[in-house]
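Number of protein chains: 2
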Amino acid sequence: MVDKVTGPRERVLLRDVARRANVSGSTASRALSDDPRISVATRELVKAAAADLHYVPNAAARSLRVRRTRTLGLLLPDMRDPVHGQVASAFEQEARQQGYCVIVVAGERDLVRERLALRIFAEHGTDGVAVVASVLSPRELRERVDPDRLILVWPDHRSMPRKAGKPIDGVISTDDESGVRAAVEHLIEQGSRRIAYAGDGVRASNTIRAEATAATLRSHGIRTPMRTLVAASGPDRANVLAADLAADLPDAVVCYDDRLALELMDALRGVGVQVPDDLSVVGFDGIPFAAIANPRLTTVAVPSAELGRKAAMMLIRAVHEGALPEGELLSVEIAIRDSTREPSAGAESLTPHG
Amino acid sequence: MVDKVTGPRERVLLRDVARRANVSGSTASRALSDDPRISVATRELVKAAAADLHYVPNAAARSLRVRRTRTLGLLLPDMRDPVHGQVASAFEQEARQQGYCVIVVAGERDLVRERLALRIFAEHGTDGVAVVASVLSPRELRERVDPDRLILVWPDHRSMPRKAGKPIDGVISTDDESGVRAAVEHLIEQGSRRIAYAGDGVRASNTIRAEATAATLRSHGIRTPMRTLVAASGPDRANVLAADLAADLPDAVVCYDDRLALELMDALRGVGVQVPDDLSVVGFDGIPFAAIANPRLTTVAVPSAELGRKAAMMLIRAVHEGALPEGELLSVEIAIRDSTREPSAGAESLTPHG
DNA sequence: CGGTCCTCTGCAATCGGTTGCGCCGACCCC
DNA sequence: GGGGTCGGCGCAACCGATTGCAGAGGACCG
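One line per chain: the protein sequences are A and B, in this order. Numbering of the first sequence is given in my numbering, commencing with residue 1 and proceeding in unit increments. Numbering of the second sequence is given in my numbering, commencing with residue 1 and proceeding in unit increments.
Hints in this document: simulated from the structure, not taken from any laboratory. Beta carbons: idealized from backbone N, C-alpha and C, even for Gly. Worth double-checking, as some hints may not be accurate.
[Said to hold, decoys possible] Examples of chain B residues lying across from chain A (beta carbon under 7 Å, computed):
#1 Leu53
#2 Leu64
#3 Val66
#4 Gly272
#5 Asp338
[To be verified] Quick list of simulated restraints, FRET-style, between CB atoms:
#6 B/Thr207 to A/Val135: 41 to 47 Å
#7 B/Leu53 to A/Glu44: 44 to 50 Å
#8 B/Ser331 to A/Lys163: 54 to 60 Å
#9 B/Ala323 to A/Arg139: 26 to 32 Å
#10 B/Asp236 to A/Gln274: 28 to 34 Å
#11 B/Asp52 to A/Arg67: 22 to 28 Å
#12 B/Asn22 to A/Gly322: 57 to 63 Å
#13 A/His220 to B/Ser331: 51 to 57 Å
[What the hints assert, rightly or not] One side only, chain B facing chain A, incomplete, derived with CB under 7 Å:
#14 Val40
#15 Glu92
#16 Glu123
#17 Glu211
#18 Ala215
#19 Arg218
#20 Ser219
#21 Ile292
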């Protein structure tokens, strides 16, 4: 059933629909929005007229009057990264299903661009705004956007204020600490003792993962201090890391995220280090490619689709109820694969420098 | 410079700005849009007032009046896929730099959802629409959207009408054929003769790549007919493919895209086939993970960021000039890496079943 | 000093739906 | 048969910015 547009592509207005149905504009408007005051007969008449004419309401006119746009703003660093792409897709899908459309802006982790994004949202009168992994402070965000229609998808839940140990209202994050702890405990079970952390210097969520790694080691009585490596930026960062590691090989390395882990594994092959035989590698995020890497990457899988979907749901709820819903801390799951040694291998005796 | 919102978060209108600057609303409006008729003094006065009051214009009201929204619609299959994520990011960035914001909808390759997307764009009065890899026909798209403000990012340029061998106006695609040809010639140079193609049954752009593979073989005098494998959908698809291949190993396999190639390489490891020693594998797209796979994947790299950027540029040009700019066929580049045999290996003698 | 031109600004209409309020006719009951 | 009630519908104001047209006031010229 193709809505073939016949004749010139003229605008058809509500009044055209009304005229064709022999009713007034107000009646047409009410009929189309299923106002119970309009008789069924009239309603059907109007709807038929609207369909015949291929009537498309003008959102700008409606928004102007009702002061709602049924539009949501989504601010995220970018969409290249599989995690953010997944979040954006899920967010958009949930929003659309609830009758909202979404304006997305990629802030590129840039203060100016992110502020511009919020300004754009304000001009377009978005009913709500979701901000993912922003470089702006929560404080500034709440100053620039009505806090009651703002959802923060925050990677580092520790940096957020809490209430009773739970994230505060309107904030959704993932339980990175538990995930990292599980991963590190897995490494320890397999006999790893000298465990390093390879971080990303610029990401806000880096610290929490590094500290969770260190804390887990301590809580398991491992006295060797955790070695921390920091990836510079630039295409060469993984090679530098690999060289550093190869010079004094630990048993395992926990990486900031899957991308870094995969890059590192690639670079390690260049310096003759075998994963997992010489070194176990753990990633973070659970991107699809981690599962088909060689070796398959053990990783802490974050529910990115759920993150996006929940953000949209919470935001829309906030819009309808005028107040923020409870914050949520989504649990993560560790996916144990082949980049970490099998326990049966008797890892301890295989440990170099052991 | 945080725009601290002082007092209650009341709406500040143009008339508030005007009152504060002791001018009328019309003067204020003109001053803010740098109308030359307004004296410099007044203009500065108004701008200062606007800044003081944190005035944010109401896009709905403006759009209603000027019949332009400075909004673009972007319809794509999803944003999880690195290629589409890249396209979306680049599109949004270019659009934003030119003062447009973008409403994105993930159509999920679903006819109904894609039609809904176009309807959403129409309601919101987008000034232009870009459609990436749609499952709707170009014909239907042009019926539903004003063709003069519609840019098609079309994977299969052969399915599009041409003018003088070039893509028709408003269409942007990639030269898949040349890319595949280069890749296959690379395989042939390395001594591969028995070359298979592993396709994706549901993608429109599958055929062109398969046929380009076959054509290249023919044009190089290779009489062995190309074997074509078709990946089913489902999580198991790569295993099926790998089993098929292992049963009668060709010299090389050209894959529909990088994702399939990577999945296939993973599955091949499961059945003991070594890449590239037993089998060369070629991907398509040039996603970042192809470069750090193990082995690093030889692939036909598509300029996805350029695709998005150009689409936005063309679309905005179309909006301003009222007519479609020339179509473009972006060239692709083959990235030769480690998933294809080194020529020095004397491939021919190594060919199984040779 | 009057007239003319030009610069700067204001009035009011307009964009296209939505909605408070009131009207009209029908039906019902006494 | 008159008054009350109620369902169904229309009038007109309204949302907030833009803009054609015209007026006010100053400068300049003869």
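The hints, checked one at a time:
1. Taken as an interface hint, B/Leu53 does not check out: its beta carbon lies about 13 Å from the nearest beta carbon of chain A, beyond 7 Å.
2. Given the 7 Å rule on beta carbons, the hint for B/Leu64 holds: about 4 Å separates it from the nearest Cβ of chain A.
3. For B/Val66, the interface hint is violated, the least distance from its beta-carbon to any beta-carbon of chain A being 10 Å, above 7 Å.
4. About 14 Å separates the beta-carbon of B/Gly272 from the nearest beta-carbon of chain A, more than 7 Å, and the hint is not met.
5. Using the Cβ-Cβ criterion of 7 Å, the hint placing B/Asp338 at the interface with chain A is not satisfied: the shortest such distance is roughly 10 Å.
6. Evaluation of the 41 to 47 Å hint for B/Thr207 and A/Val135 yields a pass: the beta carbon distance comes to about 44 Å.
7. Distance hint for B/Leu53 and A/Glu44: a CB-CB separation of about 48 Å, consistent with the stated range 44 to 50 Å.
8. Taking the beta carbon of each, B/Ser331 and A/Lys163 are about 56 Å apart, inside 54 to 60 Å as hinted.
9. B/Ala323 and A/Arg139 have their C-beta atoms about 48 Å apart, which leaves the hinted 26 to 32 Å range violated.
10. Distance hint check: the CB atoms of B/Asp236 and A/Gln274 are about 29 Å apart, consistent with the given range 28 to 34 Å.
11. In this structure the hint that B/Asp52 and A/Arg67 lie 22 to 28 Å apart at CB holds, the actual value being about 24 Å.
12. Take B/Asn22 and A/Gly322: their Cβ atoms lie about 37 Å apart, and the range 57 to 63 Å is violated.
13. Taking the beta carbon of each, A/His220 and B/Ser331 are about 55 Å apart, inside 51 to 57 Å as hinted.
14. Because the smallest distance between the Cβ of B/Val40 and any Cβ of chain A comes to about 25 Å, over 7 Å, the interface hint for this residue is violated.
15. Taking 7 Å as the C-beta cut-off, the interface hint given for B/Glu92 holds, the closest approach to chain A being about 5 Å.
16. Using the Cβ-Cβ criterion of 7 Å, the hint placing B/Glu123 at the interface with chain A is satisfied: the shortest such distance is roughly 5 Å.
17. The beta carbon of B/Glu211 is not positioned within 7 Å of any beta carbon in chain A (closest approach about 27 Å), and the interface hint is therefore violated.
18. The closest approach between the C-beta of B/Ala215 and any C-beta of chain A is roughly 30 Å, which is over the 7 Å cut-off, so the hint fails.
19. A hinted interface residue such as B/Arg218 counts as satisfied when its beta carbon comes closer than 7 Å to some beta carbon of chain A; here the least separation is about 33 Å, so the hint is violated.
20. For the restraint placing B/Ser219 at the interface with chain A, the shortest Cβ-Cβ distance is roughly 33 Å, beyond the 7 Å limit, so the hint is violated.
21. Here the hint on B/Ile292 is kept, as its CB sits about 4 Å from the closest CB of chain A, short of 7 Å.
In this structure, the earlier hints numbered 1, 3, 4, 5, 9, 12, 14, 17, 18, 19 and 20 are contradicted, and the remaining ones agree with it.
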